[in-house]
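Trainee: Sequence:
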Amino acid sequence: MQNGKNGTLVEVRDLAKTFKGKNGKDVAAVKGVSLDIRQGEIFSLLGPNGAGKTTTISMISGLLAPTRGDARIGGYSITRQGIDAKKLIGVVPQEIALYPTLTARQNLEFFGRMYSMGGAELTKRVDEVLDFIDLTDRQHDKIETFSGGMKRRVNIGVGLLHKPRLLYMDEPTVGIDPQNRRRVLDTVKRLQSEQGMTVLYTSHLMEEVQEISDRIAIIDHGQIIAGGTLGELIQQIGEEDRIFLKVGAAAISEAQLAQLRRSVEGVTKATHDRREIKGEDDAVVDVDGVITVLAKRGRKALPPLLQAAEEADITVLSVEVREPDLEAVFLHLTGRALRD
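Those letters in the sequence shown? Residues 1 to 340, per our numbering, in order.
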């Protein structure tokens with residue numbers, strides 16, 4: 001068993017999946033995905049609902065046979081050497097997959113036996129996993145007495161039992177409080193730093209992916225549309241800051257926006273959006289208006305921008321400056337928010 005060139009653990013080439021639609025016609029869920037995941041990196045796959053993310057990962061992990069293409073994990077083909085490839089994968093599903101009436105240790109022992117582990121080897125490994133997920137002191141308590149965050153940690157422990165080379169984590173922080181969410185993210189980083197684990201991560205939370213990922217791939221309409229480090233992705237859309245000027249219900253003319261663009265050096269774009277805020281009876285109770293300004297150096301441009309707004313008779317209620325981030329990249333490339 002060997003990695004691919006340049007330390008690549010996962011090699012995906014032209015992976016595609018077609019399903020039969022209700023009308024009998026073929027529907028292409030994934031249209032030829034190719035990507036590499038390097039040994040020891042945290043690689044995140046992002047995509048809006050229906051983009052093909054789940055189908056792609058299901059094929060990579062051997063749960064779904066591709067219509068075309070192949071993926072190799074540690075040199076093993078998922079289509080021709082599926083059993084060997086699956087042995088290298090640990091899975092942490094989004095839904096809690098534990099037996100609530102068994103203790104944490106009993107759950108780990110049960111799943112360990114499913115991996116053909118037993119005897120002293122299994123006992124030692126369960127002890128190691130309990131220590132890593134920091135639940136040694138609760139190992140004899142039933143899962144049904146655990147908080148959501150503790151259950152997540154046991155779920156992660158199950159995926160680690162057989163010492164996989166690739167750990168797939170499907171939105172592991174869904175439904176848990178901020179403290180336990182922080183603990184899960186720290187665990188992911190420890191897996192990389194202490195064990196050299198390769199992690200394939202999915203999340204609907206941009207800040208999570210931005211914090212922990214070495215590289216990111218964005219998938220939309222069944223195709224990878226961008227990939228690289230966060231810095232490389234930001235360079236694809238330019239490094240302009242976004243400045244949000246809240247102006248409330250005020251009507252803003254195109255002439256006023258043009259004055260902002262002309263008056264401030266570094267401003268490349270200024271747009272005005274209004275959103276009606278409705279009450280319980282669906283009646284409009286307020287109007288929220290925001291001018292969005294793109295500037296190459298937002299914080300430097302802010303003082304003259306506010307001066308220009310005053311001269312253009314624009315009353316600014318509040319200001320927010322955002323540096324280029326993953327959310328900006330995603331919106332630019334897909335034209336929609338991740339949850340759309």
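Treat the hints loosely; a few may be bogus.
As the list claims (entries may be wrong) - Straight-line distance between alpha carbons at most 25 angstroms, and here's what the computed PhoX-like set of lysine-lysine pairs gives: (1) Lys-124 x Lys-142; (2) Lys-142 x Lys-86; (3) Lys-142 x Lys-87; (4) Lys-189 x Lys-86; (5) Lys-296 x Lys-246; (6) Lys-87 x Lys-189.
Stated by the list, open to error - Derived DEER-like restraints, expressed as beta-carbon distance ranges: (7) Lys-142 x Pro-303: 40 to 48 angstroms; (8) Gly-7 x Arg-274: 25 to 33 angstroms; (9) Val-319 x Thr-136: 36 to 44 angstroms; (10) Lys-22 x Arg-322: 41 to 49 angstroms; (11) Gln-307 x Leu-333: 29 to 37 angstroms; (12) Lys-189 x Glu-239: 56 to 64 angstroms; (13) Arg-322 x Ala-255: 24 to 32 angstroms; (14) His-140 x Arg-274: 31 to 39 angstroms.
For the record, the hints were derived by calculation from the structure and aren't laboratory data.
Heads up, the beta-carbon is just placed ideally off N, CA and C, and yes, glycines get one too.
Trainee: Look at each hint and say if it fits the structure.
Mentor: Structure-based check of all given hints:
1. Note on Lys-124 and Lys-142: the hinted pairing holds, with a Cα-Cα distance of about 20 angstroms set against a maximum of 25 angstroms.
2. The suggested pairing of Lys-142 with Lys-86 is violated, with an alpha-carbon distance near 29 angstroms, which exceeds 25 angstroms.
3. Between Lys-142 and Lys-87 the CA atoms are separated by roughly 28 angstroms; this puts the pair beyond 25 angstroms, and the hint is violated.
4. Simply put, Lys-189 and Lys-86 have alpha-carbon atoms about 23 angstroms apart, close enough for the 25 angstroms limit, and the pair holds.
5. A C-alpha spacing of about 20 angstroms is found between Lys-296 and Lys-246, which places the hinted pair at or below 25 angstroms, so the restraint holds.
6. As the CA atoms of Lys-87 and Lys-189 are separated by approximately 23 angstroms, the hinted pair is consistent with the 25 angstroms bound.
7. The hint said 40 to 48 angstroms for the Cβ distance between Lys-142 and Pro-303, and at roughly 60 angstroms that hint is violated.
8. Between Gly-7 and Arg-274 the beta carbons are some 51 angstroms apart, a value that contradicts the proposed interval 25 to 33 angstroms.
9. Between Val-319 and Thr-136 the beta carbon distance is about 49 angstroms. The supplied range of 36 to 44 angstroms is therefore violated.
10. Separation of Lys-22 from Arg-322 is about 42 angstroms and conforms to the stated range, judged on CB atoms against 41 to 49 angstroms.
11. The hinted window of 29 to 37 angstroms between Gln-307 and Leu-333 holds, with their beta carbons roughly 34 angstroms apart.
12. One distance hint, 56 to 64 angstroms for the beta-carbon pair Lys-189 and Glu-239, is violated here, with the actual separation near 26 angstroms.
13. Checked against the hint of 24 to 32 angstroms, the pair Arg-322 and Ala-255 passes, with Cβ atoms roughly 26 angstroms apart.
14. For His-140 and Arg-274, the Cβ-Cβ distance of about 59 angstroms falls outside the hinted range of 31 to 39 angstroms, so the restraint is violated.
The structure shown violates the earlier hints numbered 2, 3, 7, 8, 9, 12, 14.
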